[in-house]
Amino acid sequence: MSATTAKKIDLEKHGALIALGALFVLASVIGWPYFIRPENLVNVMRQSSYTGIIALGMTFVIISGGIDLSVGAVAAFVASCGVLFMNWVLQAAGGNEVLAILGGVSVMIALGFAAGALNGLLITKGKIVPFIVTLGTMSIFRYLSLQMANAGEFASQSQLYGTFGMSKIFEFKVGDQAISLPIPVFTLLVLAAVLAFLLDNTRYGRYLCAVGSNARVAQYSAVRIDRVRFWAYAINGMCVGTTAALLAARFNTVSTPNFGLGFEMDAIAATIIGGTAMAGGRGSIWGTIIGVFMLQIIQNMLNMAGLSPYLQGVVKGIVIIGSVYIQKQRQ
Amino acid sequence: MSATTAKKIDLEKHGALIALGALFVLASVIGWPYFIRPENLVNVMRQSSYTGIIALGMTFVIISGGIDLSVGAVAAFVASCGVLFMNWVLQAAGGNEVLAILGGVSVMIALGFAAGALNGLLITKGKIVPFIVTLGTMSIFRYLSLQMANAGEFASQSQLYGTFGMSKIFEFKVGDQAISLPIPVFTLLVLAAVLAFLLDNTRYGRYLCAVGSNARVAQYSAVRIDRVRFWAYAINGMCVGTTAALLAARFNTVSTPNFGLGFEMDAIAATIIGGTAMAGGRGSIWGTIIGVFMLQIIQNMLNMAGLSPYLQGVVKGIVIIGSVYIQKQRQ
Amino acid sequence: MPDAILRVEKISKDFGSGPVLKDVDLEVRPGEILGIIGENGAGKSTLMKILAGIHQPTSGKVHVDGKAVRIADPIAARALKISLVPQEFNLIRDLPVYNNVFLGAELRKRSGVLDKEAMKARTRELLAQLSVDLDPEARIEGLSAAEKQMVEICKALAFDSRVLIMDEPTTMLTKYEIEILFRLVTKLRSEGMTILYISHKLKEVKHLCDRVVVLRDGELVHDGPTSDIGIVEMAQKMVGRELGSIFPAKGKPGDETVFEARGVTVPGVLEDISFQLRKGEILGLAGLVGAGRTELAETVLGLRHKSAGTFLKDGRELDLREPADAVAAGISYLSEDRQGAGIITTFTVTRNVTLVSLGEYCRSFFRLIDKKTEKTKVQGYVDSFHIKTDTLERRLENLSGGNQQKVSLAKAIDTSPSVLIVDEPTRGVDVSAKHEIYVFINELARKGISCLLISSELEEIIGMCDRVLVMRDGRIAGTLEGDRITEEQIMYHATGVQEEAAS
Amino acid sequence: KVYKVGVSMPSATHGWMGNANWWAQRAEKDWEARDKAVQIELKFSGNVNQQVADIEDLLVKKVDALVVFPHDTSVTSIVEKAFNAGVYVVVLDRGVSKEGIYDIYITNDDEAYTRKGMEWLAKQMGFKGNLLLITGIPSPIDTIRTDTIKEVVKKYPNIKLLDVQPGDWNRQKSLTVMENYLQKYKQIDAVYTADDDMMLGAMQAYKESGRKDIKLFLGGGCLKSVIKEIMDDSNPLVKADVTYSPSVIATSISYAVIGVKGEKLNPNVYQVRALPRRIILPSELVTRENAKDFYVPEAPF
Ligand SMILES: Nc1ncnc2c1ncn2[C@@H]1O[C@H](COP(=O)(O)OP(=O)(O)OP(=O)(O)O)[C@@H](O)[C@H]1O
Ligand SMILES: Nc1ncnc2c1ncn2[C@@H]1O[C@H](COP(=O)(O)OP(=O)(O)OP(=O)(O)O)[C@@H](O)[C@H]1O
Ligand SMILES: [Mg+2]
Ligand SMILES: [Mg+2]
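Residue numbers (our numbering), protein chains in the order written: chain U, 189 to 519; chain P, 189 to 519; chain Y, 333 to 835; chain V, 41 to 341.
One should not assume that every hint holds.
Calculated cross-link-like contacts (lysine-lysine; reagent style BS3-like; alpha-carbon spacing at most 30 Å) [as the list claims (entries may be wrong)]:
(1) V:Lys101 <-> U:Lys356
(2) V:Lys252 <-> P:Lys356
(3) P:Lys315 <-> U:Lys313
(4) V:Lys200 <-> V:Lys252
(5) V:Lys304 <-> U:Lys361
(6) V:Lys138 <-> V:Lys101
(7) V:Lys102 <-> V:Lys304
(8) V:Lys138 <-> V:Lys163
(9) V:Lys200 <-> P:Lys361
(10) V:Lys268 <-> P:Lys361
(11) Y:Lys413 <-> U:Lys313
(12) V:Lys121 <-> U:Lys356
(13) P:Lys361 <-> V:Lys279
(14) Y:Lys582 <-> U:Lys313
(15) Y:Lys519 <-> Y:Lys452
(16) P:Lys361 <-> V:Lys252
(17) V:Lys332 <-> V:Lys279
(18) U:Lys516 <-> Y:Lys413
(19) Y:Lys638 <-> Y:Lys354
(20) V:Lys255 <-> P:Lys356
(21) Y:Lys638 <-> P:Lys313
(22) V:Lys101 <-> V:Lys194
(23) Y:Lys538 <-> Y:Lys519
(24) U:Lys356 <-> V:Lys44
(25) Y:Lys393 <-> Y:Lys582
(26) P:Lys356 <-> V:Lys168
(27) P:Lys356 <-> U:Lys315
(28) U:Lys516 <-> P:Lys315
(29) Y:Lys448 <-> U:Lys516
(30) P:Lys315 <-> Y:Lys480
(31) V:Lys121 <-> U:Lys361
(32) Y:Lys413 <-> Y:Lys448
(33) V:Lys102 <-> U:Lys361
(34) U:Lys356 <-> V:Lys252
(35) V:Lys168 <-> V:Lys102
Because the hints were derived from the structure by calculation, they are not lab data.
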């Protein structure tokens, strides 16, 4: 698979890859010497991965012609519930941390799915536009979490969960430094491979593009458009649940007012930078991955360059526009 | 004009009006007895008018098939420059406040136009998608203002300007109470009438819908689509400049970190609730006005009901979805 | 006689603005080709869409194999093995050809993964059957209208169906392709497939179909074998009155050149195109699908960038960079791609007709649209072209295909051009309306307007044109005039057979 | 040796944080001008994820000291990592959820902040009357403040707390909330907002309404325009303020510099350790008498 996928990227995402490359060179120069240090690159990848995983699901939603503004709020809600459940299992099971973690993570992914499904149902059965539905559920889920925690936080009682959040796998050596892949990055890449495969090689993937491009035509071609749309939100919900689990583990705590705040914009931006059409019908998971990395590299580069904070904001805006411009020119 | 316009609304916005009506009744009940007091209704209108004016311009942008995320940041930027200019004129002209205010307001509207034009040019000439362009300029303009003020505020030295921000016109009596129309509400309604007229009765309005519906057909039909798109952003920019002038007058100062914060989401939400299609091609100014009022009524009603803040958030989400659902059913 | 495979019983349909179908009874027998004809807006497409599950009848029943069925959606139609080649393109722009062909009926490997290679191979096969040279991986966006039509046909053939409905499949095709299609259809019939065939080209219907039914204003007014009815009679039954000669007498074009192309080249598409268009002349542009006729028109409009050559109008060189420039120079274009480039389906009749010419209605001091004049003018077109619509405020998506075409033509004419380029102007319009359009174009020519008529219908070219350019592979292969404008001559130039013989 | 000090704090979305950002920049400038061996790098972040990323980036740049003004306690694990890596860590305000992973913890006193304010306000009200409250964005510190206010009010049965609504630390939002309050309550005696920014919004609404019933507004956090009014006694509605110093960030940066260099705060005084571990800055009541001590004309707000 990887060979054909790689070819796909080469062909379709030429522009995006060139833009990423140009940005990488720019970052290496501006962020010299810190940017290209292996630990920094691992950091960049890890920093990208939380919103990155959501951006994968968002790519499905946007290809289907929709949008999901509720991802950040849903992340906060499912993380809260998950941590509460985890703590409960920990007590009930007499301190069995592995069981508690498994339980908590499952609850988060399941609730993520449920929240996505709720969005999907309101959109398909209720026939309300995605923007409004998810604007509404954004408010609902955020305030539900605040209500649960009285605007405070839920701390996990499992030490292991926190360790898991920071753990790494696949250690290897670069020069004399041991570099390893953090779990979230690993998850991001695995999920990307799975979703890219789903998009490129299954019926569902084709239907998704068809529905996003022209729902009427898809319907006339015997595609169950509501079902296709529904699953886009449900899959996105599971991605949100996954991010919630990883991020809660990272912090080993869920602060309800802040958890996931602004994720929706980051995820949408990464998706669009990655070449997915805002109007739906066209997009690629690998493009989104590139978009996610580009955004994070820009941020990291500016940090490494040590510009004044306000100037950073200005330059960031310029570089975002510039990168997409380069990408456009090459297409 | 008003007769035909009213008819237009009746026909096109039946659903939206019914939803507004339903909401109004709900608000009167829940917010009893405060909600339906004339002064409260005037308040609701004034509260709506700042983002409302931006929502009018946003309607044009969205009809054209685009989006503008930079409105809040542009508002902060042009308000900062405008107040600085106003203070400068005040000094140079030896305290002529009227001249200073005229100058300052003109600068704000002109700069708003310029910022919108910049967005428009990047989108049409640079061929970069609107989401990315305005995401970039959002960052650029916000941080430019912060840089200028060192994240602080610019206070206007004209007392009159502040008075102007609070002034009202058209006093009339309801029962034994004197009710009057605040300037921002007046501006909102006048601008709405002008833009609705532009949309319905001029070439530009037609072309705007054509470009948003099907850019290819519009192009084949000798419509200069780039020019049409450009003007949508430029007009939106002028609306942003107008809001900036009114809001700066209200406080008689511009606090750069939070001036206009979040306006983009409010304006987009109002536009979409008002029935403008996210994908472009279709929309109405009066629908947007209804959307703006609906959002503010929801907020006001919940405040008046004195719900706990968390519950307010949850209910708000439900009511937003519910109102649009009603609107949908009636169409 | 075998039992009916498909029986329609007392089907009525009302979209809310009066009945479109009134108690239609129809039997379709297995293995026949049934022709369905009728005026624009008679309800043909609506009936077919009911069979394909796109619309639901207001009342009445559909029986398949003698059993009453409810075709609730296209999925149900597919389960009943009914497939439709719709009148308007139903293709996903963002997907390649082979995915469109198999949309909703994807071939999968045993693991459930898409079998792309098999789909591509099958697509190639289907396209080869239609003699279309097209890459299965090509994007829909880049295809010409005729090629899209071919893809639509492949799409209907891609899954194993028993009943194939074809709604005006030949409007975009030239004689050559039509023959290939007919061979294929006849072959399918011999394999036991049942075909419902809608067309306004009565000769085709006569030639191809076993039986023909006529719809008029939503009612079935004739049902009988094709052998019992002549073409003139068919037309009579459709419109309910006598029809005279379809083409008006040709006029006498002037001598002065109004529009001229000199050595126009667009890399890879057009090569060294030169021609002159005289005042009041109707100049035909013939050629096979993909010969580059549409491209030539688009180049005149400034939609394609030429690498060499010039266009001249009244002796002056034109700088055409976008359609607005062409319109300003008095050139107007009717696109062949009705829904892709011609009309905005979500716009009303009025708004579509005046889209290009809107400036003419903004003559007042404040440059406001003069809606009253606009309405009067549009009503004029509706009357003279018999555009079937209950109100001018109807959105075009709710008009029948032929009526959309008439709106599209009205839109091109409303700019009062001095050079009119029409690309397949009578695509999908019925015989009587065709006649009216011909008369109209002829009158324009008499008034001194020059017309470039691009058409795949040779009859139309022969009946209307003073002179004919034949294109092949992006070049002008020959110019025909007077008596030399014959079917044989055009085909020879278009296919290049004569040239080879000569050399 | 050059000492690199990294500072990570929220970016300004309201006046108080605007002041804090300014103080951070001022401390940077002052220290760098004063001591060539000190290099300070500021990072302002919009959310906690960005903040964690910023801290990670600072660690890649091998800072010697780290000052963290957290969005919330989610930064705990990265702070711990920095501390374990030997970085000199100063944590502020909202803090971290684990003990012993910092060298210094400095905070304003949230409880005293509102307790002082509310006690003063109660006294001014004559321990009776109708009070309205506008709070910030729902969050732990906001909860502490609100609870403290409610607790104090409970001591005085004649003070009636009519309503509590969030103003999101935003002037415009607070103005809207106040407009609604004015519709709803016919007799209001005092309004307590969680900071001065929101007080200015609320006061604007009151001014526009033309009503005459409210006697007092109290905010907090000492915006310079408010302090100036107190100092000049130019606004009968505003008579006091409570400090919640935005300069805490500058103080922290200074501690970080001193701490990382291993210096003592005051060489003349005997100290067990180089610096104290926990520092709680008192909240002070600002009235006309002492206002000029808190007036910083150069500050942005
Ligand atoms: N969705 C719809 N809503 C309202 N009216 C419709 C709709 N679809 C079709 N009609 C009307 O129904 C009538 C029949 O349309 P139909 O498309 O069946 O005609 P047709 O016989 O196929 O004509 P043509 O030869 O032009 O394709 C037309 O008058 C049309 O305006
Ligand atoms: N945008 C495009 N990109 C790539 N190829 C194109 C594009 N547009 C057209 N073509 C190709 O150019 C060729 C000529 O198309 P054109 O539409 O000019 O043919 P035509 O002579 O008008 O025939 P007809 O109208 O009968 O299809 C076709 O093979 C088409 O696939
Ligand atoms: Mg039809
Ligand atoms: Mg053609």
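Structure-based check of each hint:
no.: 1; hint: V:Lys101 <-> U:Lys356; in the structure: holds (21 Å)
no.: 2; hint: V:Lys252 <-> P:Lys356; in the structure: holds (19 Å)
no.: 3; hint: P:Lys315 <-> U:Lys313; in the structure: violated (36 Å)
no.: 4; hint: V:Lys200 <-> V:Lys252; in the structure: holds (19 Å)
no.: 5; hint: V:Lys304 <-> U:Lys361; in the structure: violated (42 Å)
no.: 6; hint: V:Lys138 <-> V:Lys101; in the structure: holds (25 Å)
no.: 7; hint: V:Lys102 <-> V:Lys304; in the structure: holds (24 Å)
no.: 8; hint: V:Lys138 <-> V:Lys163; in the structure: violated (39 Å)
no.: 9; hint: V:Lys200 <-> P:Lys361; in the structure: violated (34 Å)
no.: 10; hint: V:Lys268 <-> P:Lys361; in the structure: violated (40 Å)
no.: 11; hint: Y:Lys413 <-> U:Lys313; in the structure: holds (28 Å)
no.: 12; hint: V:Lys121 <-> U:Lys356; in the structure: holds (15 Å)
no.: 13; hint: P:Lys361 <-> V:Lys279; in the structure: violated (37 Å)
no.: 14; hint: Y:Lys582 <-> U:Lys313; in the structure: violated (59 Å)
no.: 15; hint: Y:Lys519 <-> Y:Lys452; in the structure: holds (23 Å)
no.: 16; hint: P:Lys361 <-> V:Lys252; in the structure: holds (21 Å)
no.: 17; hint: V:Lys332 <-> V:Lys279; in the structure: holds (13 Å)
no.: 18; hint: U:Lys516 <-> Y:Lys413; in the structure: violated (44 Å)
no.: 19; hint: Y:Lys638 <-> Y:Lys354; in the structure: violated (53 Å)
no.: 20; hint: V:Lys255 <-> P:Lys356; in the structure: holds (25 Å)
no.: 21; hint: Y:Lys638 <-> P:Lys313; in the structure: holds (21 Å)
no.: 22; hint: V:Lys101 <-> V:Lys194; in the structure: violated (51 Å)
no.: 23; hint: Y:Lys538 <-> Y:Lys519; in the structure: holds (17 Å)
no.: 24; hint: U:Lys356 <-> V:Lys44; in the structure: holds (29 Å)
no.: 25; hint: Y:Lys393 <-> Y:Lys582; in the structure: violated (50 Å)
no.: 26; hint: P:Lys356 <-> V:Lys168; in the structure: violated (35 Å)
no.: 27; hint: P:Lys356 <-> U:Lys315; in the structure: violated (42 Å)
no.: 28; hint: U:Lys516 <-> P:Lys315; in the structure: holds (8 Å)
no.: 29; hint: Y:Lys448 <-> U:Lys516; in the structure: holds (29 Å)
no.: 30; hint: P:Lys315 <-> Y:Lys480; in the structure: holds (28 Å)
no.: 31; hint: V:Lys121 <-> U:Lys361; in the structure: holds (21 Å)
no.: 32; hint: Y:Lys413 <-> Y:Lys448; in the structure: holds (23 Å)
no.: 33; hint: V:Lys102 <-> U:Lys361; in the structure: holds (21 Å)
no.: 34; hint: U:Lys356 <-> V:Lys252; in the structure: violated (65 Å)
no.: 35; hint: V:Lys168 <-> V:Lys102; in the structure: violated (57 Å)
Hint compliance for this structure: hints 3, 5, 8, 9, 10, 13, 14, 18, 19, 22, 25, 26, 27, 34, 35 are not met, and every other hint is.
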